[in-house]
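In order, the protein sequence lines correspond to chains A and B. Numbered per the numbering used here, the first sequence spans residues 107 to 512. Numbered per the numbering used here, the second sequence spans residues 4 to 451.
No wet-lab data here; the hints were simulated from the structure. The C-beta atom is built at its ideal place from N, Cα and C for all residues, glycine as well. Do not rely on the hints blindly, as some may be mistaken.
The list that follows gives simulated cross-link-like pairs (lysine to aspartate or glutamate, EDC-like), each with its CA atoms no further than 16 angstroms apart [claimed, not checked]:
hint	chain 1	residue 1	chain 2	residue 2
1	A	Lys339	B	Glu299
2	B	Lys235	A	Asp154
3	A	Lys497	A	Glu203
Computed footprint of chain A on chain B; a stretch qualifies when at least three of its residues, placed anywhere within it, have a C-beta under 8 angstroms from a C-beta of chain A [claimed, not checked]:
hint	stretch
4	76-88
5	246-258
6	262-272
7	276-290
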Amino acid sequence: MRIRVLADPKPTTSTKPTTSTNVRNAGSLELILAITSRYKTVRRTGVDRFLLVLKVVMVTMITFGLLAFIWQQIDPDNPLASRLNSDAAGLSSEQFEGLIISGLSQGSMYGLLALGYSMVYGVLGFINFAHGEVFMVGAMTGMITSVKLEESGAWHNNFVLSLMFVLLVSIVVSTMTAVVMERVAYRPLRGMPRLIPLITSIGISFFLQNVSVVLLGPGTKSYPDMPEWLTQKRNIAGLQIEGTRLLVVVVAAVAMFVLWYLVERTKTGKAMRAVAEDKEIASLMGIDVNRIIVTTFAVGGAMAGVAGILWGVLFRSVTHTTGFLPGIKAFSAAVVGGIGNLGGSMAGGVALGSAESVAPLLILEPLGVDGVSQLRDAVAFAVLILVLLLKPTGLFGERLSAEDRA
Amino acid sequence: MKHLFAKVLAVALAFSLVAAACGDDDETADTDTEPAVTDTEPAVTDTEPAVTDTEPAVDDTEKIVVDEGEEIQIRSLNAITGDVAFLGIPIQRAVEAAVADYGDIHGFSVSIGNGLDDLCSADGGQAAAQTIVADAQIVGVIGTSCSGAATAASPLISEAGIVMISASNTSPALTSDLKGNAGENYHPGYYRTAHNDLYQGAAMARFVHNKLGLVTAAVIHDGDPYTQGLGKAFSDAFEGIGGTITGFTAVGKEDTDMVPALTELAVNSPEALFFPIFQPAGNHVAEQARTVAGLENTQLLAADGLLNDDFMALSQSEGLYFSGPDVRFGENRNEHTDKTANDFLEDYEANHGETPASPFWGHGYDATAMLLNAIEESSEVNDADQLVIDKAGVRAALTAVRDYSGIIGTINCDDFGDCGSQRIAVIHHTDPADIEAGKANVVFEYAP
Numbered sequence: 107m108r109i110r111v112l113a114d115p116k117p118t119t120s121t122k123p124t125t126s127t128n129v130r131n132a133g134s135l136e137l138i139l140a141i142t143s144r145y146k147t148v149r150r151t152g153v154d155r156f157l158l159v160l161k162v163v164m165v166t167m168i169t170f171g172l173l174a175f176i177w178q179q180i181d182p183d184n185p186l187a188s189r190l191n192s193d194a195a196g197l198s199s200e201q202f203e204g205l206i207i208s209g210l211s212q213g214s215m216y217g218l219l220a221l222g223y224s225m226v227y228g229v230l231g232f233i234n235f236a237h238g239e240v241f242m243v244g245a246m247t248g249m250i251t252s253v254k255l256e257e258s259g260a261w262h263n264n265f266v267l268s269l270m271f272v273l274l275v276s277i278v279v280s281t282m283t284a285v286v287m288e289r290v291a292y293r294p295l296r297g298m299p300r301l302i303p304l305i306t307s308i309g310i311s312f313f314l315q316n317v318s319v320v321l322l323g324p325g326t327k328s329y330p331d332m333p334e335w336l337t338q339k340r341n342i343a344g345l346q347i348e349g350t351r352l353l354v355v356v357v358a359a360v361a362m363f364v365l366w367y368l369v370e371r372t373k374t375g376k377a378m379r380a381v382a383e384d385k386e387i388a389s390l391m392g393i394d395v396n397r398i399i400v401t402t403f404a405v406g407g408a409m410a411g412v413a414g415i416l417w418g419v420l421f422r423s424v425t426h427t428t429g430f431l432p433g434i435k436a437f438s439a440a441v442v443g444g445i446g447n448l449g450g451s452m453a454g455g456v457a458l459g460s461a462e463s464v465a466p467l468l469i470l471e472p473l474g475v476d477g478v479s480q481l482r483d484a485v486a487f488a489v490l491i492l493v494l495l496l497k498p499t500g501l502f503g504e505r506l507s508a509e510d511r512a
Numbered sequence: 004m005k006h007l008f009a010k011v012l013a014v015a016l017a018f019s020l021v022a023a024a025c026g027d028d029d030e031t032a033d034t035d036t037e038p039a040v041t042d043t044e045p046a047v048t049d050t051e052p053a054v055t056d057t058e059p060a061v062d063d064t065e066k067i068v069v070d071e072g073e074e075i076q077i078r079s080l081n082a083i084t085g086d087v088a089f090l091g092i093p094i095q096r097a098v099e100a101a102v103a104d105y106g107d108i109h110g111f112s113v114s115i116g117n118g119l120d121d122l123c124s125a126d127g128g129q130a131a132a133q134t135i136v137a138d139a140q141i142v143g144v145i146g147t148s149c150s151g152a153a154t155a156a157s158p159l160i161s162e163a164g165i166v167m168i169s170a171s172n173t174s175p176a177l178t179s180d181l182k183g184n185a186g187e188n189y190h191p192g193y194y195r196t197a198h199n200d201l202y203q204g205a206a207m208a209r210f211v212h213n214k215l216g217l218v219t220a221a222v223i224h225d226g227d228p229y230t231q232g233l234g235k236a237f238s239d240a241f242e243g244i245g246g247t248i249t250g251f252t253a254v255g256k257e258d259t260d261m262v263p264a265l266t267e268l269a270v271n272s273p274e275a276l277f278f279p280i281f282q283p284a285g286n287h288v289a290e291q292a293r294t295v296a297g298l299e300n301t302q303l304l305a306a307d308g309l310l311n312d313d314f315m316a317l318s319q320s321e322g323l324y325f326s327g328p329d330v331r332f333g334e335n336r337n338e339h340t341d342k343t344a345n346d347f348l349e350d351y352e353a354n355h356g357e358t359p360a361s362p363f364w365g366h367g368y369d370a371t372a373m374l375l376n377a378i379e380e381s382s383e384v385n386d387a388d389q390l391v392i393d394k395a396g397v398r399a400a401l402t403a404v405r406d407y408s409g410i411i412g413t414i415n416c417d418d419f420g421d422c423g424s425q426r427i428a429v430i431h432h433t434d435p436a437d438i439e440a441g442k443a444n445v446v447f448e449y450a451p
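Isolated chain A, as found in the complex (with noise of 0.2 angstroms):
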């Protein structure tokens, strides 16, 4: 499942021999002992107590809004939530499934994006900005797919084929877009400073959003209705869910076990898993590192393709732009999960969906906040400086070695 292999901790100062030793091989006590006298020896500096009182204020924050929220829904009339909140209502069990799902529906996209981020990170070492455009890509490949099959009639009357056949569309088109931004844009970047190829994918992903704007123009783009039967909710194990949210949800899913099964038992992913750990050894074993790469940024553009046409399913617009922010987001769940992490890089998505779908109205609106719902990515990227503050490597993160940390 891991892409980055753990790598040894170096001391990162003289002050401390005691972790010099291979902290990975320790005993638990050691390493307990190793961390705390390293604390020891560094002194605190304003900025620590700043992150230190910023930890306690989020977390407070989250503890008192939760509680507030659970007496708001015991009564809504209690004497907190009628200094705080006044026009308090609890949530009924539907609205709340609701929240839920919605969450975990965005949050599986936001996982499928993060993939593409934490494998290339994960092989190159550095952040492909220009993902969340692949997956925009994908998606206008998708609207434009789809529309010329409603026109031809074949999106209502086999609508399971034609829906097949756009994912595939899409998939082709966004992998190809990948493949070709690494073979122009990265490769003759290679063994430079990992600034430098992190700046060009900022360039691309501004090219990307301009070539859609002159091909294709810069209004919002629908894609045709779905059936009914599809988007109709369905009762689930007791919970009322749209179809198109199950969908999502599903496939989301099936993308990632795919993706599993590929870097975890194949061949392939061997190599991937070697061209991770170690360029040069790995081509010394005989594998060839610029196909492991093209392969690495085909199959993290596929599942971008996949995200696309899910986006599509579920909110039926697509714009230039709207790649932007769900690809800062990915990024924003990759690093939340841990990034090079691939099972983390999907939890963290996950995570990160449904904490910007449940936050605001869980822990910001008890508090008595206003328009909470436009503070969403706020949310979203307190979320991830929380996690930074409390795990820095992320929720299932590695410790990466000083000449790995970018």
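Let chain A serve as the given structure and place chain B on it in line with the hints.
Structure of chain B alone, referenced to chain A:
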């Protein structure tokens, strides 16, 4: 001592160079050269021409002189790209039509140059306004399309002493609260032929409360001055006539997943949901509202920001009520160009191969005719065959407009630039396949 003198001389010469370089465009150069005057004679003579150069510039701030053979410059500043292009493009075309229909002013033809884009945002409005005020020949602007762009453009246009007349800004903050208090974004020189949203809010509130008989409502806006202002106007009017607002929240313009915001409002199960926002956020609200528990039977209401062909063709727009300007212009005739709405629409279709995608073309046409007439009234040809336009006169002429007969009806300007006919209609859209029928299906009308 000799060294000291050399230093002073060097500094003085340096100052005089600076003064010569930028002396004719600002006064700071003059004050910089002040110390040099006492030390060295040449510095004084160098700055002399700079002072005299600024003399005609003072005149420029009050009058615009158009040389013989040149054109009078006005500009169209509307949202002509992006999701809100449906709003600005018909207005820009109406400006072009009105300029052509109006003809020459004292023998001088009128040019609108290239159509400028307000991008429907404060950034776009500001950037375009800066371009406009940098050109001292421009007399007036027809725009902006979006209230958000006007909040940034209006102060710059006002400071430059020229005028802007918007065809589709409706935010009350840009003019007044209709009780004699200027709005927070009002600046002299701002006019509009569109209605003030206090009227549109009142119209929608009366329709919901009195005609539909619904007593609870919730509002979604997106933080834009237009959407927020209209949402607030609706809330105040609705509560004023005995209704209850159960929720007032905002979504982001770029948001796609509206379930959290809708759930926030659904907890109080409002009977009506008013979302005076734009596409694409409006698409998502209309579609997802039906799936949120507690909003299944809520009547959805939109406003003129979504009253366009793109949105009305979507399946989720079925059954919505829209408030907007009353476009049943009938036989109204613009008193200067002698055109009726039907004449305009015939020309429009002949020239552009489509009908206008949004309802503010009539407002743009009348606004342009009013501006041209104000220029005509406040300009004269001098002995050198130049046209001299008095900027303050243009403003005064517009403020004095009374009983002007336009395509949109009778136009009267108040002290804060509100010139609209203030006629609001609510339509019921029942069939996304027939947009024109939806637009014509007026179920409620309102005029103050």
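Against the structure, the hints come out as follows:
Straight-line distance between C-alpha atoms of Lys339 of chain A and Glu299 of chain B comes to about 12 angstroms, which keeps the hinted pair within the 16 angstroms bound. Between the alpha carbons of Lys235 of chain B and Asp154 of chain A the distance comes to roughly 44 angstroms, so the proposed pair goes past 16 angstroms and is violated. For the hint pairing Lys497 of chain A with Glu203 of chain A, the CA-to-CA distance comes to about 29 angstroms; that exceeds 16 angstroms, so the pair is violated. Check on the stretch 76-88 of chain B: 4 of its residues sit with their Cβ under 8 angstroms from a Cβ of chain A, so the three-residue criterion for coverage holds.
Under the rule that three or more residues need a Cβ within less than 8 angstroms of chain A, the assignment of the stretch 246-258 of chain B holds, with 8 such residues. Check result for the stretch 262-272 of chain B against chain A: holds, 8 residues qualifying (beta carbon to beta carbon below 8 angstroms, three or more required). Only when three residues or more bring their CB closer than 8 angstroms to a CB of chain A does the claim for the stretch 276-290 of chain B stand; here the count is 5, and the claim holds.
In terms of the numbered hints stated before, the structure departs from hints 2 and 3, listed from lowest to highest.
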